[in-house]
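Engineer: Each protein sequence line maps, in turn, to chains R and U.
Residue numbering for the first sequence follows my numbering, beginning at 1 and increasing consecutively.
Residue numbering for the second sequence follows my numbering, beginning at 1001 and increasing consecutively.
One or more hints might be untrue.
Stated by the list, open to error - Straight-line alpha carbon distances no greater than 27 Å define the calculated DSSO-like cross-link-like pairs of lysine-lysine that follow:
#: 1; chain 1: R; residue 1: 293; chain 2: R; residue 2: 224
#: 2; chain 1: R; residue 1: 293; chain 2: R; residue 2: 217
#: 3; chain 1: R; residue 1: 224; chain 2: U; residue 2: 1099
#: 4; chain 1: R; residue 1: 115; chain 2: R; residue 2: 217
#: 5; chain 1: R; residue 1: 224; chain 2: R; residue 2: 115
#: 6; chain 1: U; residue 1: 1099; chain 2: R; residue 2: 293
#: 7; chain 1: U; residue 1: 1002; chain 2: R; residue 2: 217
#: 8; chain 1: R; residue 1: 115; chain 2: U; residue 2: 1002
Claimed, not checked - Selected chain U positions facing chain R (in silico; Cβ < 10 Å):
#: 9; residue: 1038
#: 10; residue: 1091
#: 11; residue: 1108
#: 12; residue: 1120
#: 13; residue: 1139
#: 14; residue: 1140
#: 15; residue: 1216
#: 16; residue: 1220
#: 17; residue: 1221
#: 18; residue: 1240
#: 19; residue: 1255
#: 20; residue: 1256
#: 21; residue: 1263
Stated by the list, open to error - Some residues of chain R that are not near chain U, with every Cβ distance over 10 Å (derived):
#: 22; residue: 33
#: 23; residue: 64
#: 24; residue: 66
#: 25; residue: 76
#: 26; residue: 259
#: 27; residue: 294
#: 28; residue: 295
Source of the hints: derived by calculation from the structure; they are not laboratory data.
Quick reminder that beta carbons are idealized off the backbone N, C-alpha and C, glycines included.
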Amino acid sequence: MSSGRAWLLIAPTLVILAIVIVYPVIRALVMSFQKDAGLDPATGMFVKGGSAGFSNYTHWILQQCTSASGTLVPCPPGTLGSQFWGAVGNTAFFTVVTVSIEVVIGFAMAVIMGKTFAGRALLRAAILIPWAIPTAVTAKLWYFIFAYDGIANKLLGTNILWTGDAWPARFAVIIADVWKTTPFMALLILAGLQMIPSDVYEAARVDGASAWQRFTKITLPLVKPALMVAILFRTMDALRMYDLPAILTEGNPATRTISILVVEQIRQGFNSAASLSTISFIMIFIVAFILVKFLGANAVATQENQRKGTAS
Amino acid sequence: MKAARIYVGVVIILVWGLAPFYWMAVTAFRDPRYTFDTTPWPTHVTLENFSNALSTSNGNNFIRAVINSLIIGGATTSIALVVGIFCAYALSRIDFRFKYMVVGVVLGASMFPVVALVTPLFQFFTNIGWIGSYQAMIIPNISFVLPLTIYTLAAFFAELPWELEEAARIDGAGRFQAFRLVMLPLAAPALFTTAILAFIAAVNEYLLASQLSSDKTEPVTVAIARFSGNDPHVVPYAAIMAAGTIVAIPLVIMVLIFQRRIISGLTAGGVKS
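Work out the full structure: start from the sequences and follow the hints.
Structural biologist: Here is the structure:
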């Protein structure tokens, strides 16, 4: 079929993606180089915007704020400007910890779900429940579990302020996120496991390979492409985490992610919020690039191979 | 021995998936004075929490929020399916230059951070008076639902027996006719599965909705997050758990019924190398 026909079929998608993604991104970029309206420290008058150069970016990255006298000073503690690197740290911490735990537990779940036993369909349905419930509901559910008088403290016999104190709040977010998203990881790994032909294991067993050797020499290398795609998807999700910490810990600074910082900044100034969201977009893009390039999580190639199987 | 070990794992996974959800439902049916009881079944059973959750006397309108979610989720899903089916057909059936660039764009879009859209859209929708309108949430939702639709559908389409389409063409059917009469019925289960995934993703959205909705258009995710009772100093845990149960039950039933399809949909887009 003609290439022109193909573009005709694809055009609506490209037009819509251009409207809902490309246009807002360009607009954000333009906004990020403009000053927010505010009081001019020199005159005390309310002034509108104007060009900001890179000052919105240095505001976040170098944490420079404009003082009452109009000079650049380090942002005072408590202001949003001073929380950029803290938010980057929280986001990175959540991403690394949740994705690592999910790989380990997800793998274990996938191995169990891959076995044959009675009630397998029921098990697979049960594991989808955390995935299907909206994150906002999940967050409220764990907010209740982690309440001071809640079941978590009662079962553990503790009096931890789960959503109030810094480290308990971070772990509350991690636990709720791992609960919700591990099933997705487990299913992607399971799909990868099921594509390994069983005769490979038979041959290895005949040759006297131990269970551990079969796992490290056969399972891991063969499941690696699927695993890498799963890690890429989950990492991208974790880097943009918003709902869970925002609702579960109600604005606790210890769980403030970059996305939460952007939303809080919108109320104080569109243009510096736009520069912050642009920074977060660039960071996420770089992480995706590194994962795809160096870890072999090549999602495009995966799709490509997939189509080669049956398409003309 | 080996079977016993498997069943230990099975029980752990069942508890993992069901226990927190079960606790929400138990609390929802428990008299609010006993919310923090630890008996594993609801003592002092009551429907009071559900009537509190649905009550509008405290400024909440949960039924309205449920309807809003259905409107937003339904409209987003329909648009994404209609547009996505053409793109997915082209990607799985036609060879053309820059095809992998298009695949890359779609996959890139699916990983795009929604937060990068919030600021420009907030300002833009404020300027044109769209804040609080349904379209202000439906249109941005397309940004992550459409890519999801395309790569799930493309994966399903790749597995269809396209020889049937060729046969219909040889018998004199036009290309569109062949697609509509022969392939579309075959693709119906895939479309249905994709619709479920798209709908769940659209209903799950919170970040955009929390910024762009008003009291009249807020979906359940926003309604549940800012749910308040009559007393501002008391968190209405029991009513919130009832509201959560109302949202979760239909989704849980859907998952139980369509478990096999949802799993094939989730894994089709990702992992077939």
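Engineer: Please go over all the hints and tell whether each is borne out by the structure.
Structural biologist: How the hints compare with the structure:
1. For the hint pairing residue 293 of chain R with residue 224 of chain R, the CA-to-CA distance comes to about 15 Å; that is within 27 Å, so the pair holds.
2. The hinted pair formed by residue 293 of chain R and residue 217 of chain R meets the criterion: a straight-line CA distance of about 24 Å does not exceed 27 Å.
3. Our distance criterion of 27 Å between C-alpha atoms is met by residue 224 of chain R and residue 1099 of chain U, whose separation comes to about 26 Å.
4. For the given pair, residue 115 of chain R sits about 20 Å from residue 217 of chain R by alpha-carbon distance, which is consistent with the 27 Å threshold.
5. Simply put, residue 224 of chain R and residue 115 of chain R have alpha-carbon atoms about 20 Å apart, close enough for the 27 Å limit, and the pair holds.
6. This hinted pair checks out: residue 1099 of chain U and residue 293 of chain R have alpha carbons roughly 20 Å apart, not beyond 27 Å.
7. Using a Cα cut-off of 27 Å, the hinted pair residue 1002 of chain U and residue 217 of chain R holds, with the two alpha carbons roughly 22 Å apart.
8. Straight-line distance between C-alpha atoms of residue 115 of chain R and residue 1002 of chain U comes to about 11 Å, which keeps the hinted pair within the 27 Å bound.
9. Against a cut-off of 10 Å between C-beta atoms, the interface hint on residue 1038 of chain U holds, since the closest Cβ of chain R lies about 5 Å away.
10. The restraint placing residue 1091 of chain U at the interface with chain R holds, with a minimum CB-CB distance near 8 Å, inside the 10 Å limit.
11. Hint status for residue 1108 of chain U: holds, given a least beta-carbon distance of 8 Å to chain R, under 10 Å.
12. Restraint check, residue 1120 of chain U versus chain R: the minimum CB separation of about 4 Å is within 10 Å; hint holds.
13. A distance limit of 10 Å between C-beta atoms decides the matter here; for residue 1139 of chain U the minimum to chain R is near 6 Å, and the interface restraint holds.
14. Nearest Cβ of chain R to the Cβ of residue 1140 of chain U: about 6 Å, under the 10 Å cut. The hint holds.
15. Here the hint on residue 1216 of chain U is broken, as its CB sits about 19 Å from the closest CB of chain R, past 10 Å.
16. The restraint placing residue 1220 of chain U at the interface with chain R holds, with a minimum CB-CB distance near 7 Å, inside the 10 Å limit.
17. At about 4 Å, the closest approach between the beta carbon of residue 1221 of chain U and any beta carbon in chain R falls short of 10 Å, and the interface hint on this residue holds.
18. Hint status for residue 1240 of chain U: holds, given a least beta-carbon distance of 5 Å to chain R, under 10 Å.
19. About 4 Å separates the beta-carbon of residue 1255 of chain U from the nearest beta-carbon of chain R, less than 10 Å, and the hint is met.
20. With its C-beta approaching chain R no nearer than about 5 Å, residue 1256 of chain U sits inside the 10 Å limit, and its interface hint holds.
21. Nearest Cβ of chain R to the Cβ of residue 1263 of chain U: about 6 Å, under the 10 Å cut. The hint holds.
22. Chain U leaves residue 33 of chain R outside its interface by the beta-carbon criterion, the shortest separation being 13 Å against a cut-off of 10 Å.
23. No Cβ of chain U comes within 10 Å of the Cβ of residue 64 of chain R; the nearest lies about 20 Å off, and the non-interface call holds.
24. With a least CB separation of 20 Å from chain U, residue 66 of chain R remains clear of the 10 Å interface cut-off, as annotated.
25. Under the 10 Å C-beta cut-off, the non-interface status given to residue 76 of chain R relative to chain U holds; the minimum distance is some 24 Å.
26. Not every CB of chain U is more than 10 Å from the CB of residue 259 of chain R (nearest about 4 Å), against its label as outside the interface.
27. Every CB of chain U is more than 10 Å from the CB of residue 294 of chain R (nearest about 17 Å), matching its label as outside the interface.
28. The non-interface label for residue 295 of chain R is consistent with chain U: the shortest C-beta to C-beta separation is roughly 14 Å, beyond 10 Å.
Taken one by one, the earlier hints fail for this structure at numbers 15, 26, listed in ascending order.
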